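Enquirer: So the chains spell out like this:
Protein chains: 4
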Amino acid sequence: MDMEKIKTIIKEFSTNRNWEEFHNPKNLSMALSVEASELVEIFQWLTLEQAQNLSSDKKEHAKQEIADIAIYLIRMCMKLDINLEEAIFEKMKLNEKKYPLVDEKGNKIEYGKKQ
Amino acid sequence: MDMEKIKTIIKEFSTNRNWEEFHNPKNLSMALSVEASELVEIFQWLTLEQAQNLSSDKKEHAKQEIADIAIYLIRMCMKLDINLEEAIFEKMKLNEKKYPLVDEKGNKIEYGKKQ
Amino acid sequence: MDMEKIKTIIKEFSTNRNWEEFHNPKNLSMALSVEASELVEIFQWLTLEQAQNLSSDKKEHAKQEIADIAIYLIRMCMKLDINLEEAIFEKMKLNEKKYPLVDEKGNKIEYGKKQ
Amino acid sequence: MDMEKIKTIIKEFSTNRNWEEFHNPKNLSMALSVEASELVEIFQWLTLEQAQNLSSDKKEHAKQEIADIAIYLIRMCMKLDINLEEAIFEKMKLNEKKYPLVDEKGNKIEYGKKQ
Numbered sequence: 074m075d076m077e078k079i080k081t082i083i084k085e086f087s088t089n090r091n092w093e094e095f096h097n098p099k100n101l102s103m104a105l106s107v108e109a110s111e112l113v114e115i116f117q118w119l120t121l122e123q124a125q126n127l128s129s130d131k132k133e134h135a136k137q138e139i140a141d142i143a144i145y146l147i148r149m150c151m152k153l154d155i156n157l158e159e160a161i162f163e164k165m166k167l168n169e170k171k172y173p174l175v176d177e178k179g180n181k182i183e184y185g186k187k188q
Numbered sequence: 074m075d076m077e078k079i080k081t082i083i084k085e086f087s088t089n090r091n092w093e094e095f096h097n098p099k100n101l102s103m104a105l106s107v108e109a110s111e112l113v114e115i116f117q118w119l120t121l122e123q124a125q126n127l128s129s130d131k132k133e134h135a136k137q138e139i140a141d142i143a144i145y146l147i148r149m150c151m152k153l154d155i156n157l158e159e160a161i162f163e164k165m166k167l168n169e170k171k172y173p174l175v176d177e178k179g180n181k182i183e184y185g186k187k188q
Numbered sequence: 074m075d076m077e078k079i080k081t082i083i084k085e086f087s088t089n090r091n092w093e094e095f096h097n098p099k100n101l102s103m104a105l106s107v108e109a110s111e112l113v114e115i116f117q118w119l120t121l122e123q124a125q126n127l128s129s130d131k132k133e134h135a136k137q138e139i140a141d142i143a144i145y146l147i148r149m150c151m152k153l154d155i156n157l158e159e160a161i162f163e164k165m166k167l168n169e170k171k172y173p174l175v176d177e178k179g180n181k182i183e184y185g186k187k188q
Numbered sequence: 074m075d076m077e078k079i080k081t082i083i084k085e086f087s088t089n090r091n092w093e094e095f096h097n098p099k100n101l102s103m104a105l106s107v108e109a110s111e112l113v114e115i116f117q118w119l120t121l122e123q124a125q126n127l128s129s130d131k132k133e134h135a136k137q138e139i140a141d142i143a144i145y146l147i148r149m150c151m152k153l154d155i156n157l158e159e160a161i162f163e164k165m166k167l168n169e170k171k172y173p174l175v176d177e178k179g180n181k182i183e184y185g186k187k188q
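Protein sequence lines, in the order shown, are assigned to chains A, B, C and D. Using this note's numbering, you'd call the opening residue of the first sequence number 74 and step up by one each time. Using this note's numbering, you'd call the opening residue of the second sequence number 74 and step up by one each time. Using this note's numbering, you'd call the opening residue of the third sequence number 74 and step up by one each time. Using this note's numbering, you'd call the opening residue of the fourth sequence number 74 and step up by one each time.
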């Protein structure tokens, strides 16, 4: 994913509209969670089976909401000077420790069970 | 950002733990919004000024929450067969139309005002 | 529900701790959505069937999260000078219009279909 | 607040539309968090000062979103057989213990600092 190109497009879009002042990290965290809820809204009344078999309309809608979340997430990284790729690699390493494959007795860990 | 590498790491992590069955798109939308709220939680009682000047502890915390959001977002893209980079470029083009620089009378658009 | 008693308890709790200054409506909206996500978290990996048959531990946990949401909701009403009971009655009347029992052709309305 | 009357109205509204099957606790937790985000959306780009001085339009909008949250919250209590008033009183008692007025050294507790 060409992150530099994406960041340039997002930055220009925002600067051209004089929206920089609104993009405070507090406000961006709110906007991000609002977009996350717009994705939740697509799935809220669906069964698990229906959620796995979205119509093409609903899939296109989900794609747009996912993009909105990504855009605010990248905006947030720009404001907090965070390298997203590095953050992901570091977090996956933490997750490997937090959710080891087996517990101290050698038993397989249950879903979501933290060490 | 090396998306293929990230997807491989996320996929292996999940497969090794037999977590694939839980990663239904409905469930993932919920998990994503929960992580988005954990980012909101960092900022909820801060002033706008404090939010722009996070302590290094809070910044590290924010970095981890941002990574969690990205991980579930990429997981969702894998499950719905969505190319995230393409989704972002398409959405930014839609945003250019939705929020033009000037309205039909040639006036500069107010913040967040849609055409 | 004895709303006056609840409001008095919430108000005193907050005043005694000098927390009034933090309870700006913007901050409260964030706190409320964070609590809503803590309720979502309980259900995120459950099937629909499991969600209808919570263990007593999970039910007690849900009860506490529901209370947290209610407390911030009432706090918000206090700050915005909104009568919650009146707001509910008014909204249910709007919903009756928005989701009529039959559409203009006399057909039963599908789930969530707005007029 | 006349909770019995509210519950009757909500129940009838839902039964008349055959919506009961959709009101699984998992789905309701999602709908509740979506409504909470619609309240967040009103405040996301406002300063703390602006949030305290809403226009009458925005206040009316907030009132409707607050009602939506309350309606789903009460719906959830009905599905999980939870007495909301009791839940609030119990949680406020827990909060009194969790956030005591002074810490073990007799110092006043900072905002949000848990014992």
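To be clear, the hints were calculated from the coordinates, so they are not data collected in a lab. Note that the structure is predicted; figures quoted are calculated from it, not measured. Be a bit skeptical, because a hint or two may be false.
Now the in silico label distances, taken between C-beta atoms and shown as ranges [unchecked claim]:
{"id": "1", "chain 1": "B", "residue 1": "Met151", "chain 2": "A", "residue 2": "Leu174", "range": "34 to 44 angstroms"}
{"id": "2", "chain 1": "A", "residue 1": "Leu174", "chain 2": "D", "residue 2": "Phe162", "range": "36 to 46 angstroms"}
{"id": "3", "chain 1": "A", "residue 1": "Asp176", "chain 2": "B", "residue 2": "Lys84", "range": "19 to 29 angstroms"}
{"id": "4", "chain 1": "B", "residue 1": "Lys80", "chain 2": "A", "residue 2": "Asn91", "range": "42 to 52 angstroms"}
{"id": "5", "chain 1": "B", "residue 1": "Pro173", "chain 2": "D", "residue 2": "Glu93", "range": "40 to 50 angstroms"}
{"id": "6", "chain 1": "A", "residue 1": "Asn91", "chain 2": "C", "residue 2": "Glu169", "range": "49 to 59 angstroms"}
{"id": "7", "chain 1": "C", "residue 1": "Glu85", "chain 2": "B", "residue 2": "Ser128", "range": "27 to 37 angstroms"}
{"id": "8", "chain 1": "A", "residue 1": "Leu174", "chain 2": "B", "residue 2": "Lys152", "range": "20 to 30 angstroms"}
Virtual Cβ for every residue (Gly too), placed ideally from N, Cα, C.
Enquirer: Confirm or reject each hint.
Expert: Tested hints:
1. B:Met151 <-> A:Leu174: 34 to 44 angstroms: violated (21 angstroms)
2. A:Leu174 <-> D:Phe162: 36 to 46 angstroms: Given range 36 to 46 angstroms: holds, Cβ gap about 44 angstroms.
3. A:Asp176 <-> B:Lys84: 19 to 29 angstroms: holds (23 angstroms)
4. B:Lys80 <-> A:Asn91: 42 to 52 angstroms: For lysine 80 of chain B and asparagine 91 of chain A the Cβ distance comes to about 37 angstroms; the hint is violated.
5. B:Pro173 <-> D:Glu93: 40 to 50 angstroms: holds (45 angstroms)
6. A:Asn91 <-> C:Glu169: 49 to 59 angstroms: violated (43 angstroms)
7. C:Glu85 <-> B:Ser128: 27 to 37 angstroms: Distance hint for glutamate 85 of chain C, serine 128 of chain B holds at roughly 32 angstroms.
8. A:Leu174 <-> B:Lys152: 20 to 30 angstroms: Taking Cβ atoms as reference, leucine 174 of chain A and lysine 152 of chain B lie about 22 angstroms apart, which means the hint holds.
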